[in-house]
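Work out the full structure: start from the sequences and follow the hints.
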Amino acid sequence: MQEPQSFRRSAAFFVLLVGMLAVQPFSTDFYLPTLPSLTQALRASPAAVTWTLSALVGTFGITQLFVGPLADRYGRKPVATAGYAIYLAGSLAAIFAPGIAWMIACRMLQGLGMSCAFVVARALIRDLYAPQDGARVMAHGLAWMGGVALFGPFISGLLASQFGWQAAFVALSLYSAGMFALCIAALPETAAHRNPQATRVGPLLANYAHILRNPVFNGFNATSAFSYGGLFAFISGSAFVFLQRYGLSRAAYGLAFGATVAGYLVGTVLCRHLLARWGMRRTLLIGGSVSLSCASVMALGVVAGTPSMLAVLLPQIGYMVAHGIVQPVSQAGCVGPFPRMAGAASALNGFSQMMTAVGVGALMSASFDGTARPMALTIFVAGIGVASACAFMAWRPNLQPGA
1 MQEPQSFRRS AAFFVLLVGM LAVQPFSTDF YLPTLPSLTQ ALRASPAAVT WTLSALVGTF
61 GITQLFVGPL ADRYGRKPVA TAGYAIYLAG SLAAIFAPGI AWMIACRMLQ GLGMSCAFVV
121 ARALIRDLYA PQDGARVMAH GLAWMGGVAL FGPFISGLLA SQFGWQAAFV ALSLYSAGMF
181 ALCIAALPET AAHRNPQATR VGPLLANYAH ILRNPVFNGF NATSAFSYGG LFAFISGSAF
241 VFLQRYGLSR AAYGLAFGAT VAGYLVGTVL CRHLLARWGM RRTLLIGGSV SLSCASVMAL
301 GVVAGTPSML AVLLPQIGYM VAHGIVQPVS QAGCVGPFPR MAGAASALNG FSQMMTAVGV
361 GALMSASFDG TARPMALTIF VAGIGVASAC AFMAWRPNLQ PGA
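Numbering (the numbering used here), first residue to last: 1 to 403.
The hints are simulated quantities; they were obtained by calculation from the structure and are not laboratory data. Where is the CB? At the ideal position from N, CA and C, for every residue including glycine. Errors might be hidden in some of the hints.
For each label pair, taking beta carbons as the anchor points, the in silico distance ranges come out as [unchecked claim]:
#	residue 1	residue 2	range
1	G99	G178	26 to 34 Å
2	S10	V303	45 to 53 Å
3	P339	A209	37 to 45 Å
4	Q244	L300	17 to 25 Å
5	F14	S161	45 to 53 Å
6	A85	S10	20 to 28 Å
7	A130	L158	40 to 48 Å
8	F66	F151	41 to 49 Å
9	P215	A11	35 to 43 Å
If you want it as structure tokens, here you go:
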């Protein structure tokens, strides 16, 4: 087993980081082409099927509050390994789901496993890198993660067309089994300072209160949460809009969704270059401006009644470019001030993102009318939030993300 500082220069670190970061798009994006099929297979309404996504991200968000402290107390390796075991169990059980309630329960298990992997991924970066370097590493990892996820919906659509909706969960089972084995074989313990008090209720609440009083965390956290909220509006609404409203095939929808992932990849590449030239705050301001501009164009086009699918797709690609700029910076910035509480800070950030997503999912489910209007207006509101939070951070130069 490698020492942590040599581990960060190894291929194993790169593969593990990308694999852990990819758990989120695999769990959401890979599943999307199957959503309309589930309404028939599980005899459920579109609103009920949408709740399988909300259950996933809700569990993902809430359990991070507990997973983060566990990673601070017991270390990164046992939490990551246990998380992938749980995720594998949920994926296998979902293959045999007889109804929507079973599927929701399986997605909650996946959400718990997902939180373990994602919290550990961000904690690994904080363990091994300073915040500015960590932001670049996060952007690099997310870029490769986006590359892995680029063709996910397209492949999932083809698999679902040929083998049924269960094929997506077979693929997720294979992914989680591989990551479980890799965590056991190649992941060293990177936490230099374990905190034996991290899971005690009193100190835990005190840690969270300390983090929430930090204006640096709050600024980066708001940016991250709003940006993900807009993305989740597209995730939860696009399958029904593109497949039913615009009449795309599953494979064509997968390609359209892949185009938005390509936008995200472009954003992560731009993020690294912008960070090198302008630093974290100016990079955020650029990303926030692009986010609001693209969200505004989409909302105006949909409200004006533009019939073309491109009125939704092209602005969403631009929004995803902005997401690729904003998200690596904000995630690294959230944990930057807290080297001894990186797991807890990462957990609070993840909780905020996912609770925003749950709210967006509930709103999308309640307002679904078969058109793109609820989705576009929700993304517009998210764009306003992103731009406002980015402006707050950019114009407060006295706030430092950490050393």
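Status of the hints after comparison with the structure:
no., hint, verdict
1, G99 / G178: 26 to 34 Å, "holds (29 Å)"
2, S10 / V303: 45 to 53 Å, "holds (51 Å)"
3, P339 / A209: 37 to 45 Å, "violated (18 Å)"
4, Q244 / L300: 17 to 25 Å, "holds (23 Å)"
5, F14 / S161: 45 to 53 Å, "violated (33 Å)"
6, A85 / S10: 20 to 28 Å, "holds (24 Å)"
7, A130 / L158: 40 to 48 Å, "holds (43 Å)"
8, F66 / F151: 41 to 49 Å, "violated (34 Å)"
9, P215 / A11: 35 to 43 Å, "holds (38 Å)"
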